[in-house]
Each structure stands twice: as structure tokens, then as C-alpha cells.
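Chemist: Position chain B against the provided structure of chain A, taking the given hints into account.
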Amino acid sequence: MIRQWPLVGRSEELAVIAEATRAGAERARGIVLSGSAGVGKTRVARDAVAGCGPRNARRHWIIGTASARSVPLGAFADIASDFGPDPLRRVREVIDGLIGTSRDGARGERSDGGGEVIVGVDDAHLLDDLSAFTVHQLVTRRLATVILTIRSGEQPPDAITAICKDHHLPNLELQPLSLPEIKDLVEHVLGGPVHSLCARRLWQYTEGNALYLRHLLDDEVNAGRMAQRSGVWLWDGQPRLSPTLAEFVETRIARAPRPVRDVLDALAVTEPLDTDVLAAVADPDALVEAESLGLVRIDSRARPATVRLAHPMLGEVRRTNSLRMRRLRGRIATELARRSETDPRELVRRAVLTVDSDLAPDPELLNAATWAAMQLLDLTLAETLAERAVTAGSGIEAKLTHVMALTWQERGQDAEAVLAELADQTSGPLRVQIALLRALNFAVILGQTTSAERELDEEVPAEDDAAQVLASALRALIDVVRGHAGSAVERASTILAGTPANDLAQMLSIFALVQALGELGRIDEVESVANSGYRLADRSAEVSHLRVPLAFLHAYAYRPAGALTQSDATIASIRRDTLDVPFEGSWHVAESWHAFVAGLSAMNRGSLAEAQRLCQESLADVGSDHGGRMRKRFARLWLATVAGMAGEAADARREFTPIQRWDADPDARGWHAERSIAQAWVCAAEGAVSQAVSITRDAANQERRLGRPAWEVLLLQTATQFGDHTTAPRLVELADQVQGPRAPAAAAHAAALAAGSGDELVGASGQYEAFGDRVAAADAAAQAVLAYRRAGLRGAAMNASATIQRLATECQGAQTPALRAATTPQKFTDRQREIISLAAQGLSNQEIADRLAMSKRSVEGHLFRASQRVAANTREQLISILHGG
Amino acid sequence: MPTDKPRTKYLRRLPLPYATALRLRDAGIADEVIAERVGVDLDALATFMRVAEAKLAAVAFEQPPT
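Heads up: the protein sequence lines correspond to chains A and B, in order. Okay, so the first sequence: first residue is 1 according to our numbering, each after it adds one. Okay, so the second sequence: first residue is 1001 according to our numbering, each after it adds one.
Hints are computed from structural coordinates only; laboratory data are not their basis. Note that the structure is a prediction, hence the values are computed from the model and not measured. Idealized CB from N, CA, C, for every residue including glycine. Hints may contain errors.
As the list claims (entries may be wrong) - No more than 20 Å apart at the CA atoms, straight line, and that leaves these computed lysine to aspartate or glutamate pairs for EDC-like: (1) A/Lys165 <-> B/Asp1041; (2) A/Lys165 <-> A/Glu591; (3) B/Lys1009 <-> B/Glu1036; (4) A/Lys165 <-> B/Glu1036; (5) A/Lys827 <-> A/Glu860; (6) A/Lys827 <-> A/Glu876; (7) A/Lys165 <-> A/Glu617; (8) B/Lys1009 <-> B/Glu1062; (9) B/Lys1009 <-> A/Glu181; (10) B/Lys1005 <-> B/Asp1026; (11) B/Lys1005 <-> B/Glu1053; (12) A/Lys165 <-> B/Glu1053; (13) A/Lys856 <-> A/Asp830; (14) A/Lys165 <-> B/Asp1043; (15) A/Lys165 <-> A/Glu26; (16) A/Lys165 <-> B/Asp1026; (17) A/Lys165 <-> A/Glu154; (18) A/Lys856 <-> A/Glu876.
What the hints assert, rightly or not - Here chain A is said to cover these stretches of chain B; the calculated rule only asks that three of the stretch's residues, wherever they fall, bring their Cβ under 8 Å from a Cβ of chain A: (19) 1010-1019; (20) 1023-1033.
Claimed, not checked - A short, non-exhaustive set of chain A residues, derived as facing chain B with CB atoms under 8 Å: (21) Glu12; (22) Leu14; (23) His167; (24) His168; (25) Pro176; (26) Leu177.
Chain A with its partners taken away, still in its complex shape (with noise of 0.2 Å):
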């Protein structure tokens, strides 16, 4: 065995690597080594882990394995062993072990330089999900300096690809080695002059490969074939053709004897494993020999001393799926099985290595490690666990973890598959359970309030006071799926007044009251409510992942009212909250939520580019999962908003339409405003302007009847927008019950209208503006552009002009009726226009008349009119003076 072997050929690559990680502030530090198995990626990697950054930074080397990728952040076990009860930390926690959280939460600064980390990750290919993940946040967040290793050709998780696709790392793919450097590095490790033309021999038999070269003269220098006459070392051997690499590895391990190749068999099935461990399925004297012959790693840091393979191609070679393979597996897991571990890891571990081992399936053992997996927030695993522990006869038991895992990612239809098979299973208090989870599932995913109020009626008992806080709590959220704030008000503040043992009915009673204050107007209220919503999040790890859901409706329940700071600061904090977190136990599903509320914000201020680009994005992963369905909802009909804001029909409709499919609950009339608002736009964006009107006015009559004022204010706003003068009266009325600072703004605007006054018209806008909204700050300009004409003041004409431009380019080009009318010359009445708007997107007189809600003898009737008005002789014409030709 030669021990030494230095590090040759490579300080051109130290350099840049050494470059990169010196990288400033504007940048990530680090670099990806990229290169073929045994090209000494990890070697360059270690050096350069070992030499970068401050003497006295703290560095980890962390290792991807085939076998700990199974396991949730597998590969950091040395790093956070201990975790809290909060599923949604589990990252932070790793992230806190790898750079250190000082006691006011500033990480990794420390005056004297040593705050710097340097993680080196090998092999990062082999990384499981939620520890790429981790790589990923420390690499886009700068926490620290990463040098990675990815085998070329390889397919590594999303969130390791999206460090280099993304740019983050520079890319540094690792050549074989040259004949000089090959020839340098033989001499360097016998210690003499090598013949040139043997070196040349090796360098075309290993193809400059690093690995392939230890591993040969290793055995060419034991067999004698490689020898020093007179001072120069030669090689004998003959071969013919070189072997691949793998069969190459696979020839020496074979040649090996069978208590070392024992010990590379039960590291291929697992590792790392401790010594203690190895020791019980393999000769431990034969371990010394495994180290010996540079096929095993210890670590002796540990206690007991951890082993590794030395090279993953030696674990590849060996794997398989041979009945030896899987009793050793058993061996193995059966050995774990008698340590006492606390770590979930552990017995997700276990429970694997048994699914694929000689032993019976085990229901105990797998429901257990379905949970570990929920605790490690791996929510596919739990559920491969939990249908293994179903094959296995685990039966209800896992049948309910199942659909536990399944509500997590929102996976609504499939859960409720699950939950109707077990209602039909069940009886007594069990099914008093089933009830309650499949109303949630009903009411909160699926939408489905009736279903939802038919389990609880029908299958939790009067009498059953713990089932019966919960099933309240459902009430309550029922109450506000089907509009009706007031009840739901009532029925969550009775519960959270009694502070229920029972952490889900507080948390779906906070969210009840969250969502249906803001409906009422009390928004004063919402804050200390969503608050003790957060505080309950951070310690019942049961409502944990609960939390984003209510940040969601918390920044929601601002909107109708226009306390739009409020609702911005509510998305910055979550956002810093949950930047580690992946929702719904997916990285990109966390992404596409954090583009969704970063879009109801651009929505709510008029950035309306920047709306519809975030809501696209927050689509990215709709067609990856069947989760996210409320989420979804709303990126469409905000979607469909800004389009109809920015004037654009086609997209606007198209954005609109599938939404009327998926509202199949008649009584769900809890979302119907913020439908309407969008319907209305699509409409307003094909000219249909008195139709946009007359939805914006009959949504607020059904708000009104069901007592949701500050809906009812958003809506006439917009109906005042689109030019109703009638709206002034309820509006003054509203002002009073509804805080915040749209009520006033509308109602000024709605008064302004109708008195046809250009200087209150624009003192409107400046209300508008001054919370946020744009888009109706710049309705009310071009609003009063129009009637300072009327008065025939120029000047001031030309000054609400201006403003409207300014507020049309800040909203990224609304192109809304009133934006319309007030900046392009009117050759027609705003009915004519109307019509002939319709008429452009290809409409019969018929169809404009159902459409209106007019005989087709008065459509014919305005269009002549409007013919005549313009000396038009056909349709077309029409259409194209109102588009300006």
C-alpha cells in the first residue's frame, strides 16, 4: 500500500478555485469541481477546503452518499444530531450547527474573523433533497464558502443544479491528468525517477485517471511488476486493453479477501457505519486490512470511530439486489435496531435498509419512521413509508399518518380517496376522527363546505366535548368559506376564549378570526390575533407548517381594506421567517409561494409587469404536484386582473376561464369578491365596460347581504373606476365601518364622480396613491381629466394628464376605460364604444346583445348612430376609428 500521495498538475485549478472563494460581497463564495469518477475531485476539493479562508475559520466536510440519500438531511448526521420540535426548522437547525447562531440570532459574525465557515460537500450528487437544500440556502444566502464535487454525467438533485444553472458557483470541470503530470506524479510517490516510456504506458493505460493510477501501481508495486533497476523504475506489466474503471475497481475488490470484501459490502449497503456496528457483521481484523489497502476511511474523531468507503465506485461496484446483499442488509439493521437512537434519521435509516432486506416487513417500525419522515419534513417519503406499512398490514394506523402527509402538501383529492375508505372501515371514536379530518379536508382544501358541515353533523357526537372544539373550529372556517364573517367571528372567539388544550382547533379558530375580521373591516384587531396564531406555530409542532397558510391569510386579510403596509410587512416577515423552509416539503413549492404573496403585494400597489410575472412564476410547479390548489386559484384570478388592468382581453380571459370550472361549491361564497373584481376586469379589458359594472354591483349587493363590508368597499371602488356615478351614498356609509384607508378614498372618489368635480377627483387619486393603490389613483386623474374638460379647464387638464402619466408608467401600462377615455380623442358615447369594442372581437349583433343585456334592435340601433356620427359605411371602419385609424 503507498500511503503518500501528493497533489500534482493541479495548482493552476488551486488558483482559481482559491479565486473563487476570495469571490466579494456581490457574489457567492465557492465553486462546483465537476469532472469523471476518480479524476480527483475530492482531493483538489479537501485542498482546497483545507487552504481557503481565514486561518481560523470553521470548516465541514460533508459527504453524498447512494445510501444516506434515502435518509432526510442524511448527510449532515454528524452536524445536527438533537432536533426541536418544529419540523419547519429543520434546515435552520443544520444550517445553525454548520455556522454557528450566536444568542441574538446574528449569524456567523464574530470579531475576531473566525465567523467564516468553509463547508466542502462531496459527491454532491448523492445529496438527498432537503440537504441539497440546505447546500443551496447557505450557498444563495452567502453563509459561507462552499466547494462542491458532482460526478460529470450524473443527475443531481433540482437544488444543487440550480446553484450552477442559476450562476451562483462558477463551474470548474476537472481534467484526467497529462502524461507529464501523470509521469511527476509517479515519481513523486516511489520516491525515483520513472522510465519515460513505462509512464507513458501508464498514462495511456489509466487515461490520466487519479484513482485509476492509485489503484494500479498499488498493486503493480505489491505483485513486483513495477520495479527499480539501476535507479529508474520500470513497469512489466503486459496488459492488453485497459479495463473501464469500474472493471478495473471490481477485478482489484474481487482479488481482495473475502472478510475485506465483506466489510465493502456492508458499506455499500449503508454508510457511514460505526465501527461498533461493522464489527458485528463483519471481521473487524479485516477492516484494519480494508484501511490498510486505502478501500475504507475511518474516522477516528468520533466515538465510536465512524467508517466510510474510500471511493464511491467501490460501493457501485458491490451493490446489488442479491439475497446476500439483502441479508446483510437485514444483519445490519437488526444491529442498528439494539442501539437506543433518538435521532429520526436513524429510524428512517433502519426502515429502509429493512423494506430491502430478508426480514418480514415491519408495521411497527415502519409507522414509526413514517413519522420521523413527516418530523423531517420529507413528506414523499412518509408517504412511500406510510403505503409500505399499509402492504404490511400496519392498517389504520398508517392509513391516518398517510393521509397526515398528504394534507401537508394540500393534496386534497388523494387524501380524501384515503378518508373515504376509512370511513367506510371504521366506527366509534375512531370514525369521529376520520370525520374531522375529512371536514378539514373539505373545508379547507377541497372547498367543499357542505360535505365538510355533513361529516360533523352526521359523525361527531353532542356529547363528545374534545371532538366537539374542534368540529367549532371547523364551523368557524366553514362560516368563512361560505361568506358569513360575522358567525365565524362569533365562533372563533368563543373557542380561542375558552384557550382549547387542542393546538389545530386554536390554530383553525386564529385563522377563522384572521380572515373574517379582515372581511368586516376590523383590522386593528388582525395583527395580535395572527400574532398568537405565529406563537403557537413555534411550539406545537402538530400546527407548525400551519404558519404559511396564515402569513398567507394574514397579508390577505389586509387587502380589501387598503392597509397595504400592513399586509407588505406581514410577506417581508414571513418571508425572513420561512426562507429555509421548504413548503409543503418541496423546494420549488416554496419558491412558487413565496413568488405568489411577493404577487398579491405587486397586485395591491398596481406593479402590474411585476404581478403578472410573479404569479406566472408562482404557477411554475402546478403542473409537478396536485397540492397548492387555493394557492393556484388566486395566482389565476390575480393573474386575470392585472391582465384586464393592463388592457390585455385575450390574456385576461384565459386566465378567467378555468377559475369558473374549479368553483363548484354553490354555497362558497367566501370567494366569490375577489372572482368578481377579476370578472369584472376581463370584461372592462374587452370594452364590456357597463357589463364590468353591473358584476362589480351586484357583488357588492350579495357582500352587502351577507355583511362583508370591506369587500363591499372594494368593489364599488372599482365600479366607481369603471365609471358608475351611483356608488357615492353606500360608500359614505361604509367609510364609517370600515378602517383603514381605502373606505375613505372611495367614498371621496365616489362623491367626486358624482359631482363631476376634476379638483376632488383629484384629491381622490392622492388618497389612492398615498396607500398604494396606483391603478385607482390613476382612475380618478383620468377621471378628472374628463371633467375638468367638461368645465373647460385646459390647465388643469393638462395637470391631471401629467399625473396620469406618471401613475400609468409606475403601474408598468395599465390601459384601463378610464385611462382609455381620457387619453385617446372621443369620437363615440361610452355606450357606442362599447359595443363596437365587442363588435371588434369578432361578436354578433346577437351575441353583444346577450351579452349587454339589450334587444339586438338597440345594438343595430348604436351602431348605426355611431356610423353615422363618424361617417362610417361598414363595420370595420368602425373599428378601426375606435382604435384610431
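Modeler: Chain B alone, transformed into the frame defined by chain A:
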């Protein structure tokens, strides 16, 4: 920067992928083609070329033209 003639000589001392990439670039070939020819991801080509230039400079430093 080595002059043209010694550059050709030095290129022979480099690992083949680096020499190939430098020759192709000298000939004005597009980056996409160079990346494909030497089997390197296009995103990694810039770093690859920097290493190639550094290795060429190192060879030139070790064996100055006589």
C-alpha cells in the same frame, strides 16, 4: 503571453482538452462548439478556459523559448 510559434509548442505539453480548447479559440471558433468539442458544459467553459490559459502560462514559464 507566449508568441505564436512557442505557443504551438507549449500547447503540446498541455492536457489534450485544454490544448484543444485553446486551439479552437485561437481559430475563432464559437464557445458553443468549443464546449461541445471538449465535453464541457457551456456554463463551465469560462472557468475551463481560464485554467487552460493558466496552464499554458505555467508551461511557458517552466520552458522559456530558447
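Chemist: Under 8 Å is the threshold here; is the Cβ of A/Leu14 close enough to any Cβ of chain B for the hint to stand?
Modeler: Violated. Min distance 10 Å.
Chemist: Next pair to validate is A/Lys165 with B/Asp1026; report whether the Cα-Cα distance is within 20 Å.
Modeler: At roughly 27 Å apart (the allowed maximum being 20 Å), B/Asp1026 and A/Lys165 break the hint.
Chemist: Is the hinted pair B/Lys1005 and B/Asp1026 satisfied, with a Cα-Cα distance of at most 20 Å?
Modeler: 13 Å, holds
Chemist: Just to be careful, I want the Cα atoms of A/Lys165 and B/Asp1043 compared with a cutoff of 20 Å; is the pair within it?
Modeler: Roughly 7 Å separates the two Cα atoms, so the pair holds.
Chemist: Tell me if the straight-line CA distance from A/Lys165 to B/Glu1053 falls inside 20 Å.
Modeler: 24 Å, violated
Chemist: Is the hinted pair A/Lys165 and A/Glu591 satisfied, with a Cα-Cα distance of at most 20 Å?
Modeler: 16 Å, holds
Chemist: Assess, step by step, whether the Cα of A/Lys165 is no farther than 20 Å from the Cα of B/Asp1041, and give holds or violated.
Modeler: 10 Å, holds
Chemist: Quick one, are A/Lys165 and A/Glu617 close enough, alpha carbons at most 20 Å?
Modeler: 17 Å, holds
Chemist: When you check the alpha-carbon spacing of A/Lys856 and A/Asp830, does it fall within 20 Å?
Modeler: Holds, at about 18 Å.
Chemist: Grab the minimum C-beta distance from A/Pro176 to chain B and call the hint holds if it beats 8 Å, violated otherwise.
Modeler: 7 Å, holds
Chemist: Run the distance test for B/Lys1009 versus A/Glu181: straight-line Cα separation, threshold 20 Å.
Modeler: 17 Å, holds
Chemist: Regarding the pair B/Lys1009 and B/Glu1036, is the alpha-carbon distance no greater than 20 Å?
Modeler: 25 Å, violated
Hints 3, 12, 16, 20, 22, 24 from the list above are not met by this structure, while the remaining hints are.
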